[in-house]
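Protein chains: 2
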Amino acid sequence: MSTPTDALQRLRRVHEDAVLSALRSAGGLSRAQLTERTGLSRTTMFAIVSGLLERGVVIETEGSAAEPRGRGRPAALVSLNPDAGLLLGLDLGRNRVRLAVANAAHQVVATASADLPEEAGPEEEAESAVRLVRAAAAERGLSLGALEAIGLGLVGVVDEHLPPVPLGGERSAVVPARYLPLARRLGEEFGVRLAVDNNARLAALAEATWGVARPVRDMVYVRWSVGVGGGFLAGGRLMRGAHGAGGELGHVCLDPEGPPCHCGSRGCLEGHIGGRGLLERCAAQGVRLPALDALVAAAQDRVPAVCEIVASAAADLGRVLAGTVTQLDPALVVVGGELAGLGSLVLDPIREAITERSLPRSSREIAVVPADLGVNASAMGAIALLLHEEPSIPAHLRPDVP
Amino acid sequence: MSTPTDALQRLRRVHEDAVLSALRSAGGLSRAQLTERTGLSRTTMFAIVSGLLERGVVIETEGSAAEPRGRGRPAALVSLNPDAGLLLGLDLGRNRVRLAVANAAHQVVATASADLPEEAGPEEEAESAVRLVRAAAAERGLSLGALEAIGLGLVGVVDEHLPPVPLGGERSAVVPARYLPLARRLGEEFGVRLAVDNNARLAALAEATWGVARPVRDMVYVRWSVGVGGGFLAGGRLMRGAHGAGGELGHVCLDPEGPPCHCGSRGCLEGHIGGRGLLERCAAQGVRLPALDALVAAAQDRVPAVCEIVASAAADLGRVLAGTVTQLDPALVVVGGELAGLGSLVLDPIREAITERSLPRSSREIAVVPADLGVNASAMGAIALLLHEEPSIPAHLRPDVP
Chain A
1 MSTPTDALQR
11 LRRVHEDAVL
21 SALRSAGGLS
31 RAQLTERTGL
41 SRTTMFAIVS
51 GLLERGVVIE
61 TEGSAAEPRG
71 RGRPAALVSL
81 NPDAGLLLGL
91 DLGRNRVRLA
101 VANAAHQVVA
111 TASADLPEEA
121 GPEEEAESAV
131 RLVRAAAAER
141 GLSLGALEAI
151 GLGLVGVVDE
161 HLPPVPLGGE
171 RSAVVPARYL
181 PLARRLGEEF
191 GVRLAVDNNA
201 RLAALAEATW
211 GVARPVRDMV
221 YVRWSVGVGG
231 GFLAGGRLMR
241 GAHGAGGELG
251 HVCLDPEGPP
261 CHCGSRGCLE
271 GHIGGRGLLE
281 RCAAQGVRLP
291 ALDALVAAAQ
301 DRVPAVCEIV
311 ASAAADLGRV
321 LAGTVTQLDP
331 ALVVVGGELA
341 GLGSLVLDPI
351 REAITERSLP
361 RSSREIAVVP
371 ADLGVNASAM
381 GAIALLLHEE
391 PSIPAHLRPD
401 VP
Chain B
1001 MSTPTDALQR
1011 LRRVHEDAVL
1021 SALRSAGGLS
1031 RAQLTERTGL
1041 SRTTMFAIVS
1051 GLLERGVVIE
1061 TEGSAAEPRG
1071 RGRPAALVSL
1081 NPDAGLLLGL
1091 DLGRNRVRLA
1101 VANAAHQVVA
1111 TASADLPEEA
1121 GPEEEAESAV
1131 RLVRAAAAER
1141 GLSLGALEAI
1151 GLGLVGVVDE
1161 HLPPVPLGGE
1171 RSAVVPARYL
1181 PLARRLGEEF
1191 GVRLAVDNNA
1201 RLAALAEATW
1211 GVARPVRDMV
1221 YVRWSVGVGG
1231 GFLAGGRLMR
1241 GAHGAGGELG
1251 HVCLDPEGPP
1261 CHCGSRGCLE
1271 GHIGGRGLLE
1281 RCAAQGVRLP
1291 ALDALVAAAQ
1301 DRVPAVCEIV
1311 ASAAADLGRV
1321 LAGTVTQLDP
1331 ALVVVGGELA
1341 GLGSLVLDPI
1351 REAITERSLP
1361 RSSREIAVVP
1371 ADLGVNASAM
1381 GAIALLLHEE
1391 PSIPAHLRPD
1401 VP
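Residue numbers (our numbering), protein chains in the order written: chain A, 1 to 402; chain B, 1001 to 1402.
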């Protein structure tokens, strides 16, 4: 049950959203116009606008004298602050950090990336990330003073039950221990709110916000790369789970008699079809490849042994996804990650396994499609996370995201 | 993206919820008091209250003279209509119809059930349901004129993509063809709004609203009976899926080489562990039992062959649930249906399989517990559906249900 305080906070948020939404569509409006458009009382409207002004989300300008008004000075106009509202999405991958920046109109205006040093420690990672942000801003002429919030995509589980880390002022964030130095460094450096989530889940959110899953509300996303990750959308909302592990596909048990996995279970999907497993199977067939890029290239060159291994792994993935599809009944299965770049070589076996082994009701109508957004998906998803969670952003989308 | 109309409708709904919530906690309030408590403008408040009065959700009474007021008549008080707000939950099972009735305070005040004739056709089913409702109302002295809405639980898929069936006036509902006569008959007879969902999913919603899953927002519910059904809660919301099949557990493929299933796939969980499959396996061991009740009784009497078969089926169910738990990361797994009544005989093998084969992160903390609500769970869930979906009911819970 909601408490009265929850209800009031939600009401205030809905009111803010209504005000910001009106400003977004109309440009500048007087308080009287805002009152009329939103149905709020004058008292409520003044409180909402004051709060938004204080946070720098809106600004006040002199109204034009052309606006009809009985007498005296023209009413002040409230409008969105053009110098605020830059949103930064950061994706801390296993060996690369990527960023995307969106403006107040929610358009992505910059992307960039940098390698992380082999075996980089948390502090080094934090420095790389900050350096990348500063360099990208300088190159694109973006003022970091206009930065409103940072979304951060991480490898691993983001558990909301962890205690939030203070980041200075009233800011805090829930971050796994591994990423505390990064969170603190970003807090010191930029002094804005931080929202955090798993980067595979964020890639799913990005596909649902800007990519191939834009029209659907129920979606299963799998990222097939060195690791195997996933993200599910149910009724338009990202499923996080009770401990932040919602969307986990890599550790579904494929073979109960299979080899032990680092997670403590046996025969996990990731062990079978993740980058390392694929490279090992190729080596066992006499095809030695240095890394996943090379394996993808060999499959594109139609090296038979590699194609066979990849297709068989895709069928394994499809077997797991068949269960997911039966249980979640999505409108769409989206396959991302490097392996998705192989097109029908991987998509066909996945599609066949789903059609064969899931409830026909769903599988008849289900499409299995490659992801749209490429390598910046998680960084963009980190921005999408802010759009859906940052209270100072018109988030009337929230219950129905995207 | 939300349209402006969506945003306005949502705003109006939030305002109605705020008003109804205030009335629910305070009893009667004047419009001025309501305006003050909700922060709405006088104009908005008058419009909201007029709408609620018109729909008979609230009534207006003379305020007491004791209330301090400058001069003139005491202000009229608005309060919830005690003669409205009866909610009926109907559960159309395979051979039984059950009902539950809740009052305006959302307390269940009556339950009842009736057998459906063997091989009953849709018309006969509709008559049985209406007869049961009338008889229960007469027995409890409930006025059916105070009925505000009916929630209906059905076997099978409730697909929101079907065209809505007109039920008279402005009312309509989305109902599978099999249940059209019932929906029409309920429309004619009671003339109130109808909300429809799958009855296993409704049992899950009931457990989350009144039962064992009340404190959690992420839950996997399985009903193990003649059939095997399920319902998932993600972030406090029931997962329906893109075609109304969300929560399906019975048709997850357990054994790709298994026998064909009526759904068109092979080796489905329901074929292995559903009532018919269990009875067949018992018969193959020389234990002939007429029906599932007898099987449950034999297991309670610790007949060794029956216990062995049930325990092994529970382990199969646990194997499927391990995948579900890894992917959805619930806080709780709830087992309902007749088989759940066998306690540790079924719960232990389920728990073991989940612990062994799901991501330890989740399984370490996950509880596997029997359902609380017994045979009326789906009928109660049909009421819960109304509480969460009926706009004239304080549904500020909606985004955070339960």
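It is worth saying that the hints were derived from the structure and are not from the lab.
Please note that the accuracy of each hint is not assured.
[Unchecked claim] Computed, partial: chain A to chain B, Cβ under 8 angstroms: (1) Val-252; (2) Gly-286; (3) Gln-327.
Ideal placement from N, C-alpha and C gives every residue a C-beta, glycine not left out.
Hints versus structure:
1. Hint status for Val-252 of chain A: holds, given a least beta-carbon distance of 5 angstroms to chain B, under 8 angstroms.
2. The beta carbon of Gly-286 of chain A comes no nearer than 30 angstroms to any beta carbon in chain B, farther than 8 angstroms, and the hint placing it at the interface is violated.
3. Because the closest C-beta pair between Gln-327 of chain A and chain B is about 6 angstroms apart, less than 8 angstroms, the hint holds.
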